[in-house]
Amino acid sequence: MTMGRRIPWQRALLYLVLVGFAAFYLMPVYVLVVTSLKSFAEVNLYRMWDLPHSFSLESFRKALLGGFGFTGLAHNFVNSFYVAIPATLASAFLGSLNGYVLSKWRFRGSNTLFTLLLFGMFIPYQSILIPLVQTLMKLGLYGSIPGLILAHTVYGIPITTLIFRNYYATVPRELVEAARIDGAGVLGVYTRIMLPVSMPGFVVVMIWQFTSIWNDFLFAVTIAQNPAVQPVTVALNNLAGSYIVEWNVQMAGSLMAALPTLLVYIFLGRYFMRGLLAGSLKG
Amino acid sequence: MRRRWLKGERLITLLLLLPSVIAVAVFVYGFIGWTGYVSMSNWNQLLPDYTFVGLRNFLKLFAHPRFQIDLRNLAVFTGLFLTGSLAIGFLLAVLLDRKVRGEGFFRTIYLYPMSLSFIVTGVVWRWLMNPGSPQMGSTGINLLLEKIGLGFLKSGWYTDPRVGIKAVAVAAIWQMSGYVMAMYLAGLRGIPEELREAARVDGASEWQVYRYVILPLLRPITLGAIIILGHISLKIYDLIVAMTGPGIGFSTDVPAYFMWETTFHANRFAQGAAIAIILLLMVSLLIVPYLIFSVRREAEV
Chain A
1 MTMGRRIPWQ RALLYLVLVG FAAFYLMPVY VLVVTSLKSF AEVNLYRMWD
51 LPHSFSLESF RKALLGGFGF TGLAHNFVNS FYVAIPATLA SAFLGSLNGY
101 VLSKWRFRGS NTLFTLLLFG MFIPYQSILI PLVQTLMKLG LYGSIPGLIL
151 AHTVYGIPIT TLIFRNYYAT VPRELVEAAR IDGAGVLGVY TRIMLPVSMP
201 GFVVVMIWQF TSIWNDFLFA VTIAQNPAVQ PVTVALNNLA GSYIVEWNVQ
251 MAGSLMAALP TLLVYIFLGR YFMRGLLAGS LKG
Chain B
1001 MRRRWLKGER LITLLLLLPS VIAVAVFVYG FIGWTGYVSM SNWNQLLPDY
1051 TFVGLRNFLK LFAHPRFQID LRNLAVFTGL FLTGSLAIGF LLAVLLDRKV
1101 RGEGFFRTIY LYPMSLSFIV TGVVWRWLMN PGSPQMGSTG INLLLEKIGL
1151 GFLKSGWYTD PRVGIKAVAV AAIWQMSGYV MAMYLAGLRG IPEELREAAR
1201 VDGASEWQVY RYVILPLLRP ITLGAIIILG HISLKIYDLI VAMTGPGIGF
1251 STDVPAYFMW ETTFHANRFA QGAAIAIILL LMVSLLIVPY LIFSVRREAE
1301 V
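Note that the protein sequences, when read in sequence, are chains A and B. Sequential numbering from 1 applies to the first sequence in our numbering. Sequential numbering from 1001 applies to the second sequence in our numbering.
One thing to keep in mind: the hints can contain errors.
What the hints assert, rightly or not - Part of the chain A face toward chain B, derived, beta carbon under 8 Å:
(1) Gly20
(2) Ala22
(3) Gly120
(4) Ile128
(5) Phe267
(6) Leu268
By construction, these hints were calculated from the structure, which means they are not laboratory data. Being a predicted model, the structure only gives us computed values, none of them experimental. Each residue gets a CB set at the ideal place from its N, CA and C atoms; glycine is no exception.
Please construct the entire structure, taking both the sequences and the accompanying hints into account.
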């Protein structure tokens, strides 16, 4: 019954299935990498799966810097960072405050309030898009990076609150009580007890927020249509829909647009997982 | 059990919550109300017209051929996407739970698509599912299938209206099944080995152990996965934009796509708002009971 006595071919079959699935998941990346590295002369749809004969970074250069009637994605990358970094920090900070109060200073109705906050995480954003555009126009923020930052910050509050509330729930009550006896108030407990142990929570929340904001398309395409402020997802989609841009340039552009979140995933995968599982309401 | 707080301290805790509460109250609930109001207005041209017309926009929408196709597509997409992701995710979790060498390596590969934007996924899969032509030869997956001798599996993918949205579901399963795997794997790790051992001692076959011991214990995870995937599925938009657009005869169109197009291209704001409200109601039916149940159950513990 134990693993050691298992018939070898069953084991072999197991690994065969695992490797087969790995090939399925890696297939698009294979095409992305192989195509981006081919020179323009070598790009051929009917040889899509062939390895490149020589390495060429032409596609990357063109995807980033443009040429022949297309401007390149370089400044869109910068835009994405301009949006993602402040919005990530702001929503993480607000989530931390909310999580602290909702886990350690519960009051009558705090669970109801929490449920009402959480609902904001699941709504289809189509249902707030028209008023959002109207409001941003009135505030003079429509079509600007600050407008996009505002949207991502506000709609990020539910998930950051959820993750921090679950995280702070694991901080022992006794620690809080002890600080209270030492005379710490609401803010004192937060700065002296909670913040110093918050690092892992912040990492999880910030990875989650950075990834979702970087990958966002709906807000970006609605609020930031102007090419000067377009984040990379919108620019990539336009690039892919354009017939003047070659296929290998599209692949190189996609690879680069994927890279920041992919790197975060590869190097901080453990925290990425935690955010992922927190998204399903389990702490 | 409620402690007596000093008045000042309670005030501070409320002040800490206030910015977020106001923001969510306005941007989520206020805006939803506003959208609801627009959906019952006459605003079907560029300039706002808030004349109340009742449910007229909704009635027109349900009679609209495109919207009927969209709802059918959404049902097909959701069904395929959910069954595909759950089945593959569960299979991979079970396999990886069998003390596999290099588990971390496999897990990383299965899960990485989660970190990508649906736009990247859409752009890549559009090329992968580009069928090529009989004259010029196959491309993408069709070409690969030919090469490995499975040419009979070739398909027109999203360019064939009979396949349409199902092709998009394949790309979505590719992206999200790893997530289900991660959830199930976490669940499997939480089941003590003694439980399985006890069942085996009682003479249960390996299959019976999974069917009668493991699966029932994983039911909360299955439910959670259905909720998460279900609400993603109902909102699916980016992937369609990047991969196919509305397709031939709207064969890959979904309500979220119709909503954006009719609102921001055709300036039919009231119609767009009506679609948005229908989407919201569908998502709410799925989410609200789960949300209330989760928070309440947790409060009891």
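Hints, one by one, checked against the model:
| no. | hint | result |
| --- | --- | --- |
| 1 | Gly20 | 11 Å, violated |
| 2 | Ala22 | 5 Å, holds |
| 3 | Gly120 | 4 Å, holds |
| 4 | Ile128 | 4 Å, holds |
| 5 | Phe267 | 11 Å, violated |
| 6 | Leu268 | 10 Å, violated |
In this structure, the hints that do not hold are numbers 1, 5 and 6, in rising order.
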